[in-house]
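Line by line, the protein sequences give chains W and F.
Take 1 as the starting number for the first sequence in this note's numbering and just add one per residue.
Take 1 as the starting number for the second sequence in this note's numbering and just add one per residue.
Keep in mind the hints are simulated off the structure, nothing from the lab.
A few of these clues could be false.
Claimed, not checked - Taking lysine-lysine pairs in the DSS-like style, the calculated list, with each CA pair at most 27 Å apart, reads:
no. : chain 1 : residue 1 : chain 2 : residue 2
1   : W       : K420      : W       : K315
2   : W       : K320      : W       : K172
3   : W       : K42       : F       : K13
4   : W       : K34       : F       : K147
5   : W       : K42       : F       : K3
6   : F       : K3        : W       : K71
7   : W       : K34       : F       : K57
8   : F       : K13       : W       : K34
9   : W       : K289      : F       : K3
Stated by the list, open to error - Taking beta-carbon pairs under 10 Å as the criterion, some of the chain F residues facing chain W (in silico):
no. : residue
10  : D73
11  : V77
12  : I90
13  : G99
14  : Q118
15  : P121
16  : R129
Every residue gets a Cβ at the ideal spot worked out from N, C-alpha and C, and that includes glycine.
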Amino acid sequence: MNDQTLTPEERAANLKGMGSSRKRVEDVRFTQGKGNYVDDIKLDGMLFGDFVRSPYAHARVVSINAEEALKVPGVLAVITAKDLEPLGLHWMPTLAGDKQMVLADGKVLFQGQEVAFVVAEDRYAAADGVELVEVEYEELPVIVDPFEALQSDVVLREDLDPAADGAHGPRKHHNHIFTWEQGDKDATEAVLAEADVVVEEMVYYHRTHPCPLETCGSVASMDKVTGKLTLWGTFQAPHAVRTVASLISGIAEHNIRVISPDIGGGFGNKVGVYPGYICSIVASIVTGKPVKWVEDRMDNLMSTAFARDYWMQGKIAATKEGKITGLWCHTTADHGGFDACADPTKFPAGFMNICTGSYDIPVAYLAVDGVYTNKAPGGVAYRCSFRVTEAAYFIERMIEVLAIKLNMDAAELRRINFIKADQFPYQSALGWEYDSGDYHTAWDKALKAVDYEGLRKEQAQQLEDFKAGKTRKLMGIGLTHFTEIVGAGPVKNCDILGLGMFDSCEIRIHPTGSAIARLGTISQGQGHATTFAQIIASEIGLPADDITLEEGDTDTAPYGLGTYGSRSTPVAGAATAMAARKIRAKAQMIAAYLLEVHDDDVEFDVDRFVVKGAPERFKTMKEIAFAAYNQAIPGLEPGLEAVSYYDPPNMTYPFGAYICVVDIDVDTGETDIRSFYALDDCGTRINPMIIEGQVHGGLTEALAIAMGQEIAYDEMGNHKTATLMDFFIPTSWETPTYVTDHTTTPSPHHPIGAKGVGESPNVGGVPCFSNAVHDAFRPFGLTQSHMPHDHWRVWKTARELGLHA
Amino acid sequence: MAKMHVKMTVNGKEVEALAEPRTLLIHFLREDLNITGPHIGCESSHCGACTVDIDGKSVKSCTMFVGQANGTDITTVEGLTNPDGSLGVIQEMFREHHGLQCGYCTPGMITRAHRLLQENPSPTEEEVRFGMAGNLCRCTGYQNIVKAIMASADMLNAQKEAAE
Ligand code: FES
Ligand code: FES
Numbered sequence: 001m002n003d004q005t006l007t008p009e010e011r012a013a014n015l016k017g018m019g020s021s022r023k024r025v026e027d028v029r030f031t032q033g034k035g036n037y038v039d040d041i042k043l044d045g046m047l048f049g050d051f052v053r054s055p056y057a058h059a060r061v062v063s064i065n066a067e068e069a070l071k072v073p074g075v076l077a078v079i080t081a082k083d084l085e086p087l088g089l090h091w092m093p094t095l096a097g098d099k100q101m102v103l104a105d106g107k108v109l110f111q112g113q114e115v116a117f118v119v120a121e122d123r124y125a126a127a128d129g130v131e132l133v134e135v136e137y138e139e140l141p142v143i144v145d146p147f148e149a150l151q152s153d154v155v156l157r158e159d160l161d162p163a164a165d166g167a168h169g170p171r172k173h174h175n176h177i178f179t180w181e182q183g184d185k186d187a188t189e190a191v192l193a194e195a196d197v198v199v200e201e202m203v204y205y206h207r208t209h210p211c212p213l214e215t216c217g218s219v220a221s222m223d224k225v226t227g228k229l230t231l232w233g234t235f236q237a238p239h240a241v242r243t244v245a246s247l248i249s250g251i252a253e254h255n256i257r258v259i260s261p262d263i264g265g266g267f268g269n270k271v272g273v274y275p276g277y278i279c280s281i282v283a284s285i286v287t288g289k290p291v292k293w294v295e296d297r298m299d300n301l302m303s304t305a306f307a308r309d310y311w312m313q314g315k316i317a318a319t320k321e322g323k324i325t326g327l328w329c330h331t332t333a334d335h336g337g338f339d340a341c342a343d344p345t346k347f348p349a350g351f352m353n354i355c356t357g358s359y360d361i362p363v364a365y366l367a368v369d370g371v372y373t374n375k376a377p378g379g380v381a382y383r384c385s386f387r388v389t390e391a392a393y394f395i396e397r398m399i400e401v402l403a404i405k406l407n408m409d410a411a412e413l414r415r416i417n418f419i420k421a422d423q424f425p426y427q428s429a430l431g432w433e434y435d436s437g438d439y440h441t442a443w444d445k446a447l448k449a450v451d452y453e454g455l456r457k458e459q460a461q462q463l464e465d466f467k468a469g470k471t472r473k474l475m476g477i478g479l480t481h482f483t484e485i486v487g488a489g490p491v492k493n494c495d496i497l498g499l500g501m502f503d504s505c506e507i508r509i510h511p512t513g514s515a516i517a518r519l520g521t522i523s524q525g526q527g528h529a530t531t532f533a534q535i536i537a538s539e540i541g542l543p544a545d546d547i548t549l550e551e552g553d554t555d556t557a558p559y560g561l562g563t564y565g566s567r568s569t570p571v572a573g574a575a576t577a578m579a580a581r582k583i584r585a586k587a588q589m590i591a592a593y594l595l596e597v598h599d600d601d602v603e604f605d606v607d608r609f610v611v612k613g614a615p616e617r618f619k620t621m622k623e624i625a626f627a628a629y630n631q632a633i634p635g636l637e638p639g640l641e642a643v644s645y646y647d648p649p650n651m652t653y654p655f656g657a658y659i660c661v662v663d664i665d666v667d668t669g670e671t672d673i674r675s676f677y678a679l680d681d682c683g684t685r686i687n688p689m690i691i692e693g694q695v696h697g698g699l700t701e702a703l704a705i706a707m708g709q710e711i712a713y714d715e716m717g718n719h720k721t722a723t724l725m726d727f728f729i730p731t732s733w734e735t736p737t738y739v740t741d742h743t744t745t746p747s748p749h750h751p752i753g754a755k756g757v758g759e760s761p762n763v764g765g766v767p768c769f770s771n772a773v774h775d776a777f778r779p780f781g782l783t784q785s786h787m788p789h790d791h792w793r794v795w796k797t798a799r800e801l802g803l804h805a
Numbered sequence: 001m002a003k004m005h006v007k008m009t010v011n012g013k014e015v016e017a018l019a020e021p022r023t024l025l026i027h028f029l030r031e032d033l034n035i036t037g038p039h040i041g042c043e044s045s046h047c048g049a050c051t052v053d054i055d056g057k058s059v060k061s062c063t064m065f066v067g068q069a070n071g072t073d074i075t076t077v078e079g080l081t082n083p084d085g086s087l088g089v090i091q092e093m094f095r096e097h098h099g100l101q102c103g104y105c106t107p108g109m110i111t112r113a114h115r116l117l118q119e120n121p122s123p124t125e126e127e128v129r130f131g132m133a134g135n136l137c138r139c140t141g142y143q144n145i146v147k148a149i150m151a152s153a154d155m156l157n158a159q160k161e162a163a164e
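The task is simple: from the sequences and hints, build the whole structure.
Written out as structure tokens, the structure reads:
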């Protein structure tokens, strides 16, 4: 349409490009129950597999007898490690360079470990079969404490040569996995020795679990005629799964098609490769039929992908005035029975070295020791970039502890230590180059928005009332200023199992000016089909509504490393913009030809190219698209499509300022979140509605983690939190209403300046909630109490502080 | 295992089938009838992803045997779409107010909201939060779900008024 009556603003609005709160295209099918998740897949003759799991946390498997199970009508096979061994599939590589048993090979290392795989005609027969497989175990001593593990004579991993190096260098003990050191140890210790003030604290970030509402699962279908394996599954990284599946099965990569259909939430749970995926493949090969495996909630909480479990010993040095002069941290990381973290190869503790946070700390030192215990493997990035939420929690607690020691206001202490706007790009003491930020502006805006001074006065009054016996409630104010590091990452230092962490986008414009784009990522609720179309719309001037977006099918989508660590927008979003720009460059040549002027004499204007200085002469992108296919243009190939593989020059560093107010009943330990204010700066904002939704969701996961959610074991290694009865997920009832806000500091190195946001609220939310609880008890001498702050623990804290009279 | 004969109405259609008595209703709906809107999140009545409407009550279909549903009238999220295929009011409001992300909890949420608004056509925000507490969502933080349900109530009430 050559409509000249519309203003450029109106034409831009019609595109629903970047900055528009465009409604999500995904929702039409989801609201009608027409999503297509793994468990919705139904194939002819499909079988169902289910695991026999270990009741013990550490035991030898003496024998497995499947005779009775095989008598159950409908049970077709019981697969054990012995069956997998000839195929070399009884162990599999983990994403951390360790290896993990697919099915128990001689012993089990955690409760719930996969011991045998029962294949049956339906899920009921499979469950009956599981009941009847007889396994004889011989119990071994159990170690659930990582500090004890490093002292104990008990060898957990008998398969590893104690004298040989691990995947990340020398091992100090048979239960030790790696030591990872960053920063300058000597210089930091020198600063600590001479500082005016040093505080030391052990900050524990407990074990928890991403627990998406949809559990993990897969359907494998081996077509014996074509030799092609199709694998549907809950994969956050479908292309990586294809490569890994090819490497370990020996099936050529072109003969494997991996499809991630709709995914019911991931949050890190669906990055790893699990025994269920492997067993469904093997079972399909063995039986010649499609095989489905879907874990139930207990399987999920017991065996796939725990998160955190970091013991962080910290020391922080400062002047009397509160200027931080050095930071020291030693972390003991409990990895469970296998090291199955999904961290980039060179970063066995992820990006924990972002633990200097938002502060200008001249010198720092970090060491992390990974340890084996009799717990489930994982260590995934639960709605955060690799180990970034641990780092943020650590520094934001240490700042509070320092404020107590200095008898300073924690907001002011943060302010005087922030990296200043003119220091960016900022080189941190632990090796990162922060791209951009303006922390003071964000902080002041936040403090003002909540009337921080007013809140402190109210808190002081309430404290007086409490001491006078007029109330049994205390008020806590939680502060956090976090800096995230997302968008892994530059291929030169980020890979997983040798796969470089770039990402990709391929765009094809159709002759009538609509388009299809395919990416190497995969949405799990983030709304990629909506937002990536918006990027293209703004970049090439076609309406977002006319752009189809596809992800997750390795036969059609370009190779990419997938969606986690808030990397989709920083990496695939950049690839999308770059591919779109290639198309725009060709469109410019076509427009110039059609308008009979030189290439340099036309310029892009929202949805068209216009002749410079003569805006009435133009060609719309729709006209250009048609010409691209249907007009012979000298020197140009027909067609209009492009692909971009984007290797980011740096990570992006989103940040934010969060403030919450909590009321605590000291007699019951109940906590009530009175208000929560979240200011996020994620650079350029693509879809404000979706950003806000991501913030609400991430904050609620943070609320869960800080206030009650944990994976707990008893000393026998029994899992105590394997149902949703025991594993806390907030309902609509206890979830507060959040106030969201933003500043915008674009990333200078990202083509559209976007930084990624999905994980910020979890990274910043956890310390904010936790700091609020601590703050309420600060006047009574509390410096550190471990999360989660459930009613029982809060009540205990009040008791220990003598508040129960 | 011996099968039993079951008969029920699902989304307005008569259904008759043979099923193992121990079959859970959610599996019967999803696997025998191919109604895959209701999802499975826990199989222990905690998450509400499997919520369906049975004889005018919200029921978690993962904790009910198919035999117990014999003779009942069942509505799932698929039955809440308008006859012309357009989104029903609550479905539309969930879209409008971004009340969903991964969509996994959504069928249960919408089905529960449908019943809640029959029980209480003009709920306060607090009543919505209380009335929806049996349905877990891991993605949205509920804020926009509550907004969507409040907006649905307004719209349904306006429609009712216009019809009167
Ligand atoms: S699956 Fe029924 S309540 Fe969770
Ligand atoms: S939208 Fe994902 S669980 Fe609710």
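Now for the hints, and whether the structure bears them out:
{"no.": "1", "hint": "K420/W - K315/W", "in the structure": "holds (23 Å)"}
{"no.": "2", "hint": "K320/W - K172/W", "in the structure": "violated (39 Å)"}
{"no.": "3", "hint": "K42/W - K13/F", "in the structure": "holds (22 Å)"}
{"no.": "4", "hint": "K34/W - K147/F", "in the structure": "holds (23 Å)"}
{"no.": "5", "hint": "K42/W - K3/F", "in the structure": "holds (22 Å)"}
{"no.": "6", "hint": "K3/F - K71/W", "in the structure": "holds (20 Å)"}
{"no.": "7", "hint": "K34/W - K57/F", "in the structure": "holds (23 Å)"}
{"no.": "8", "hint": "K13/F - K34/W", "in the structure": "holds (18 Å)"}
{"no.": "9", "hint": "K289/W - K3/F", "in the structure": "holds (25 Å)"}
{"no.": "10", "hint": "D73", "in the structure": "violated (18 Å)"}
{"no.": "11", "hint": "V77", "in the structure": "holds (4 Å)"}
{"no.": "12", "hint": "I90", "in the structure": "holds (8 Å)"}
{"no.": "13", "hint": "G99", "in the structure": "holds (9 Å)"}
{"no.": "14", "hint": "Q118", "in the structure": "violated (18 Å)"}
{"no.": "15", "hint": "P121", "in the structure": "violated (19 Å)"}
{"no.": "16", "hint": "R129", "in the structure": "holds (4 Å)"}
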